[in-house]
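K.L.:
Each chain, written out:
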Amino acid sequence: MIYCVGHSIISPLGEGSQANYEAVQAGRTGLKIHTNRFEDVEPFCASLFDTPQSFVPLCIRSIEDAIGQWTMDNGQWIKDTIFILSTTKGDQLDLLTPAQEIACHFGNPNPPIVVSNACTSGVCAQITAMRLLEAGLYKHAVVVGCDIQTKFIVSGFQAFKALSPEPCKPFDPDRKGLNLGEAAATIIYSVQNSECRGQNFWTLEAGSIHNDANHISAPSRTGEGSYRCLMDVMKGFQPEDIALVGVHGTATPYNDAMETIALERAGLQDRPRSVLKPHFGHTMGAAGVVETIICALSVPQNSTFIKMLSGFGGVNAAIRLRVGQWTKDN
Amino acid sequence: MDKGQLKVEGEIEIQPTSVVLNGQPIATSETGDKMLVELYRRYVGDYPKFFKMDTLSRLGFIAAEILLKNTEHRTQTATLTEHGTQNTDMAVILANSKASIKNDTDYMATISNGNYYPSPALFVYTLPNIVTGEIAIRHQIQGETSFYILENQEQLEPIIRSTLNVKRSTILAGWCECTEPNRFYAKLQIIWNN
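Protein chains in written order, with numbering that gives the first Met the number 0: chain A, 0 to 329; chain B, 0 to 193.
Isolated chain B, as found in the complex (with noise of 0.2 Å):
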């Protein structure tokens, strides 16, 4: 396995006061998941997807978009469509340690004992990987898509590596994590095999 730095392209980290793309910082007048509609209604404002989505899957989206749209980034078969590029065999590789666990406490809300009508729309985002499908819908991503749970960002190094190893693709990989509506922690590069 090569044990070499990994090839960088591009890289955004978004918390719930601040946008960070490529080592340049975005200007928002928002925060928290407000900051998030703000940054949909700069960057996409087509999508009305958007506004189902948990934040969790919102957080991850954001970042993707922007990534994607602003890095010069080399893939097989990325081929421009008017959402940004089509990536068919780009693998979206995410990882967090608290899987879905703000959309799983809005859930649970909704079956509590004496107030139980469970809703099925927050129930399909009760899973940290529909992220990585939203994320893949948006732009076109047919590779693989996959989420792990881990102690820390570091641990996810060797699992990047260890797949790099195997396949020849670019992959959208990084942390994606929300615990509350205004505390979530995003930070995703896209990764060049060569």
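Chain A on its own, in the form it takes in the complex (with noise of 0.2 Å):
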């Protein structure tokens, strides 16, 4: 089990965690369509931010964010630390430079890792850091989610016809397929020690990454894999203990459809559903940490939530969290 001591979202709903929460309270969505963003590419509907944002910058501005709700006895948390990338493409397809930018900017010896396990990602980078701190290889993770839209990424996902022309309709029978959208977002996670003061906002307890064996760009018809996750991090649960269930929902129609089976198969089709895409798109390496956050600010204190995702390469995880106050003196 590790502990959240600070958290980031920054996308084109606001900047910082509260704000985004804020504006997906009140019904707010990032998703317009853009008709010249990338020549050549037709007419997309996407949350992008209204200024173009380079990758690095928008990582670093992230986790200083997170960093400031963190308050430690001195400055040597750093050797401590490992940075943990969430990302698809990262900066113009290189994903190992930024990591190694980004560390290097907050004075960070250990060489960073790089989570790229297609939409999963967000929610592995965590499971990575709680295997590592668990291990008692550091002390704390930063754990960052970032991807930058680009003429690759939409020419791509339009060649693919997996586009929705408008507006995204997670589970709507009406569903057209997903849109884009843009991201930074960090979660700094902790071992609980005497080191560590402040406030703890959640604690992650459990996580589980399965592949369906099925097809490299469509879900397993059964929910395999999801559904083998969701097992997983149940363990000891029953669905009533379950306070939300955070679904990936991009909205195209194989997704949406395996994930309504997958919760069946696990017991947990009538939990309260957090489907976050129609407000920040699809931000592919982002999306995990971002809806983990607004997942954890939207249930009550002392309550279980799980998170799950699922992307190509037949893909699947899902985290079990518990949101509750922690302090040094329990």
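In case anyone wonders, no lab produced these hints; they're calculated from the structure.
Possibly wrong hints are sitting among the right ones.
As the list claims (entries may be wrong) - So, partial list: chain B residues that the calculated Cβ filter (under 7 Å) puts toward chain A:
| hint | residue |
| --- | --- |
| 1 | 15 |
| 2 | 17 |
| 3 | 19 |
| 4 | 21 |
| 5 | 49 |
| 6 | 50 |
| 7 | 96 |
| 8 | 103 |
| 9 | 110 |
| 10 | 114 |
| 11 | 117 |
| 12 | 128 |
| 13 | 147 |
Said to hold, decoys possible - Chain B stretches covered by chain A per the calculated footprint, using a threshold of three residues with CB under 8 Å from any CB of chain A:
| hint | segment |
| --- | --- |
| 14 | 118–126 |
| 15 | 130–139 |
| 16 | 154–166 |
All figures in this text were calculated on a predicted structure; none of them were measured in a lab.
The beta-carbon is built from N, C-alpha and C at its ideal position, and this holds for glycine as well.
Combine the two chains into a complex, taking the hints into account.
P.N.:
Below you can see the structure in the form of structure tokens.
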């Protein structure tokens, strides 16, 4: 189990987790039609920053926002910290260099890790953080998820006929596909120790990754990998113990059908569901981080929630988290 | 966390001009991408999806195929099938430092200004973790599949150790990188956690 000690979302909806949460609560969306964003590319509906952002500075801004919530005894924390970047296309197709630049910016001496597990990366990165911290290799992990939309990505999803021409409608019978989005989001996780003070926002308690072993670009019809993830993170829990399930809900016909089956098989079909793509679009490497934070801010204290994702390559991931105050004294 | 030696049950190393399985070289007549096709014809032969794959996926697919077929490995649930083994709970954890750069470059060529005709078949392979999916499908692996971008091979070891710390499973782990059609490197191991 590891402890979230700071978090941040920067998206077209706002700067900071609270601003983004309030925007979602108010029903705002970053989605709109873009006609001349990229040469040759047909008009598309996406949630993009008005001013195009650079990858590394955007990540740094989000990390600094998250660090600002964290009170440390001294500046020694950085040497015990691992930076984990979750991204699919990084900075102009380069994934490693931006991670190194980010770690270097904060004076971090440890070689960073990039998780590139398609759309599940943001949840997989949190699972990687949990394993490294629980193994005693580091005391803190800065998990930052980010993707910037490019001609490369938009043209590919268009060629794949995966994009909805209008704002997406997850789990709707008339859903027409997904919308892409941009964001950077950070969660700082820490082991419970005397160096760590200040507010704890939630704990990450379990995580699981499973492949469908079915198709590289379509989910399993039986939701096999997703179901296995849910069963793993539900061990010792009943469906009624779960306050909220943060689903992937991309609004592609296959994804939402698959998730519905996986949730039914796991007995979670009647639990409250968080579906955030209509607000942020599909922010790819950032999605798992953005959506974990919004879910955590949405549930009452002392409640347990699940965040799940699925992606290309047939990979599925889920984590179980618990929201609750924790201080040095307990 | 156990700091002892990882229990490696088998290892394969593939370079454009050589293949070494468990310390023994495998003779090939071709090199580069053609060598991967030669190995496919010798060890597989009946899986035409191989020809749709990009070089990174071909590389990982062939490495996994030869390694899994020729190593006596133990898993909780391994059962023999016509293709080799069914490894429900096995994990596939691969890494490299260049992601899917070779196929990204190929896809870029289909969206250049003035010559815009994006290929969905190429786009699918512009994610490094697709190779883990191809291996999972071939060997019916429904355990974890993960892909990391790291500075070097040594950086993968603590990730594997911390994974074994919490998972009781066999891991097919290693480096799988392709920067150009005839520039690639794979070193995969079967790692057992007892």
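K.L.:
Next step is simple, just say for each hint if it's right about the structure.
P.N.:
So, going through the hints one by one against the coordinates:
no. : hint    : result
1   : 15      : 22 Å, violated
2   : 17      : 26 Å, violated
3   : 19      : 27 Å, violated
4   : 21      : 26 Å, violated
5   : 49      : 13 Å, violated
6   : 50      : 14 Å, violated
7   : 96      : 5 Å, holds
8   : 103     : 5 Å, holds
9   : 110     : 5 Å, holds
10  : 114     : 9 Å, violated
11  : 117     : 4 Å, holds
12  : 128     : 4 Å, holds
13  : 147     : 6 Å, holds
14  : 118–126 : holds (count 6)
15  : 130–139 : holds (count 7)
16  : 154–166 : holds (count 8)
Taken one by one, the earlier hints fail for this structure at numbers 1, 2, 3, 4, 5, 6 and 10, listed in ascending order.
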